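S.K.: Using the sequences and the hints, build the whole thing.
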Amino acid sequence: MTVTEHRTSSATGVQQPPSVRLAAEGVRLAYGDKVVVDDLDLQLLDGSFTAIVGPNGCGKSTVLKALGRLLRPTSGTVLLDGRAIGATSTRDVAKVLGLLPQTPLAPEGLTVADLVARGRHPHQSWLRQWSSDDEAVVAEALSWTDMADLADSPVDALSGGQRQRAWISMALAQGTDLLLLDEPTTYLDLAHQVDVLELVGRLHAEKGRTVVVVLHDLNLAARYAKRLVAMKDGVLVASGTPEEVLTEQLLADVFELEARVVPDPVTGTPMVVPVRRLRG
Amino acid sequence: MSTTAPTRATTPRSRPRRPLRIGPVSTTYRLRDVLVPIAVLLVLVLAAAAGLGRGDYPISVLDVLGTLVGLGDETQRLIVFELRAPRIAVAVLVGVALGLSGALIQTFARNPLASPDILGVTGGAAIGAVSVIVLGGTGTTAAGLLGGIGVPAAALLGGMVVAFLVFGLAWRSGVDGYRLVLIGIALSAMAHAIVNYLLTRSAIWDAAAANVWITGSLNGRGWEQALPLALALLVLLPAALALSRVLGVLQFGDETARALGVRVALAQGIVVVVAVCLAAFAVSAAGPIQFVALVVPQIAVRLTGGSRPPLVTSALLGALLLVSSDLVARTALPESFPVGVITAIVGAPYLLWLLVRGRRRSTL
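If you read the sequences in order, they're chains C and B. The first sequence begins at 444 in my numbering and counts up one residue at a time. The second sequence begins at 43 in my numbering and counts up one residue at a time.
Hints listed in this document are in silico derivations from the structure and should not be mistaken for laboratory results. Quick caveat, the model's predicted, so the values are computed rather than measured. Incorrect hints may have been included.
Once the Cα atoms are required to be at most 20 Å apart in a straight line, the calculated SDA-like pairs of lysine to any residue come out as [unchecked claim]:
1) C/Lys538 <-> B/Gly303
2) C/Lys538 <-> B/Gly295
3) C/Lys477 <-> B/Ser215
4) C/Lys538 <-> B/Ala309
5) C/Lys650 <-> C/Leu631
6) C/Lys538 <-> B/Arg305
7) C/Lys538 <-> B/Ser215
8) C/Lys538 <-> B/Val291
9) C/Lys477 <-> B/Arg214
10) C/Lys538 <-> B/Asp296
11) C/Lys669 <-> C/Ala473
Computed spacing ranges between beta-carbons, pair by pair [stated by the list, open to error]:
12) B/Val76 <-> C/Asp707: 48 to 58 Å
13) C/Gly475 <-> B/Tyr71: 43 to 53 Å
14) C/Lys650 <-> B/Gly216: 24 to 34 Å
Note that the Cβ used here is the ideal one computed from N, Cα and C, for glycine as well.
M.R.: Take a look at the structure:
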């Protein structure tokens, strides 16, 4: 039903940029009997950079999994370019949408070059395992993420920040214009968090990727993302520009935090200065 | 802007992969992935030739090689082809099947301790085989039925049934390797309890025969064991090699694999079916020869230095371990020993040496 609506609008409608790349319509997500996210409506526009924020256990990573087709909604639909993502083959999804899990697993002994090369998997076949296109794309991804020098090093020998760069490089080699990242800055010190988000920001600005990222750090989210989506207890509470979303009232409602919001002295984006935790 | 510089100079390196393109076909390879299996193959040929030459009527390795390519006299040909070749052929085929099966299961479970033994193949096969040996001669209806099946078929059936039971119980819209290993250990323990019960209820000579089968032996094995195994490998070997590409992505974990376009549950299912069939056919031919499927992939990955057990090298190394163990079992010891005793004695110290020497962790 919704599928046809979207098809006709994109086929007959006059160019109305930017189009909706990824959308959730009345999505309910559950692990077994436990409903984690309910009645979620979300639209992600082409070329946007969105950060999903919220307290621990609010369901933000779960939403990202559903958007990336790793989790099937118990009701509602996720639409990728207007098509129900559940009805699209895993391989076809992997050609347009890349996803990095929170703590991806690299087998011991695997080199950075091998890892990044795996990003080409959805484009390869049994006979065509390593075309010159693949080679060029991987070389470009390595150099673009500044990992070319480390190409022949094993991933397990890298520092946390380098490892995250290697995974982003793989996602880049996958060549998808949609990229979903689940807390790419976990376990990194502040300098490397900034480093990784700079890289993601460049993917958005220079490569035109549509990015959705789950982030814990509100100040970094406000600085790098163009739009924020705030969640609490499995429900979408607010969405909009960082200025619209990060208000003192929202911080009190969603994070149970009394805080001042001031302009970031470097970028002018909203910056949260915590005062104390509110206890309900 | 980049803050990733400091450890760059000290990070270890390995050699890059080389591209290979012929027409529409393209792939990459590392020199070690090509040279190691060739070297193993050469040693295997020598070991097999030595195995063909050893016995009551010794023939030199050179003469054996000559006989194999059509030279050699009538006696040599008779002894090599008729008397000794079938046993060596079974050793090679069983080794290939066990090595491949172990490599598939260890990669799939992301656990170097996983092997067909732990998946229940060995336990199930032992129930099948021991039932036939112990109950076959008792004259009951069940005995008649079992006797008609024969030991190899009963072992094949038992191994597959228990392995798929393990897999079925571990299945929760996909299989977690850790859960699979735990369930496999539990069901294997039950299977061995059943085998022990059967043994205590059996006549002493049946128990002795059953015990030899449980150890795994190449004694008295000939073309009738080699043929079904060869036919099975004709299907399973290409299937295993075709899985290589998807295994490389599966080892990243379910979520990343799915994000890279792999239908994870389907791929896992195929890997397990191929691995279980390989192990079940091997066990049905020679009994549960312990340790080959466990140790061979780990030795192979240390020789080639990749990120997962290489399939071709594991297969060849499995054959080499079995052929050389058989050689030791037949010649270095006073009487013909079951080969299963030797594989552990030959294989374990070698793995220990690699573990002590290498800087690689003991995990996959």
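S.K.: Against each hint, give a clear statement of whether it holds in the structure.
M.R.: Here's how the hints hold up against the structure:
no.	hint	in the structure
1	C/Lys538 <-> B/Gly303	holds, 8 Å
2	C/Lys538 <-> B/Gly295	holds, 19 Å
3	C/Lys477 <-> B/Ser215	holds, 17 Å
4	C/Lys538 <-> B/Ala309	holds, 19 Å
5	C/Lys650 <-> C/Leu631	violated, 24 Å
6	C/Lys538 <-> B/Arg305	holds, 14 Å
7	C/Lys538 <-> B/Ser215	violated, 24 Å
8	C/Lys538 <-> B/Val291	holds, 15 Å
9	C/Lys477 <-> B/Arg214	holds, 17 Å
10	C/Lys538 <-> B/Asp296	holds, 17 Å
11	C/Lys669 <-> C/Ala473	violated, 29 Å
12	B/Val76 <-> C/Asp707: 48 to 58 Å	holds, 55 Å
13	C/Gly475 <-> B/Tyr71: 43 to 53 Å	holds, 45 Å
14	C/Lys650 <-> B/Gly216: 24 to 34 Å	holds, 33 Å
When each numbered hint is compared with the structure, violations occur for hints 5, 7 and 11.
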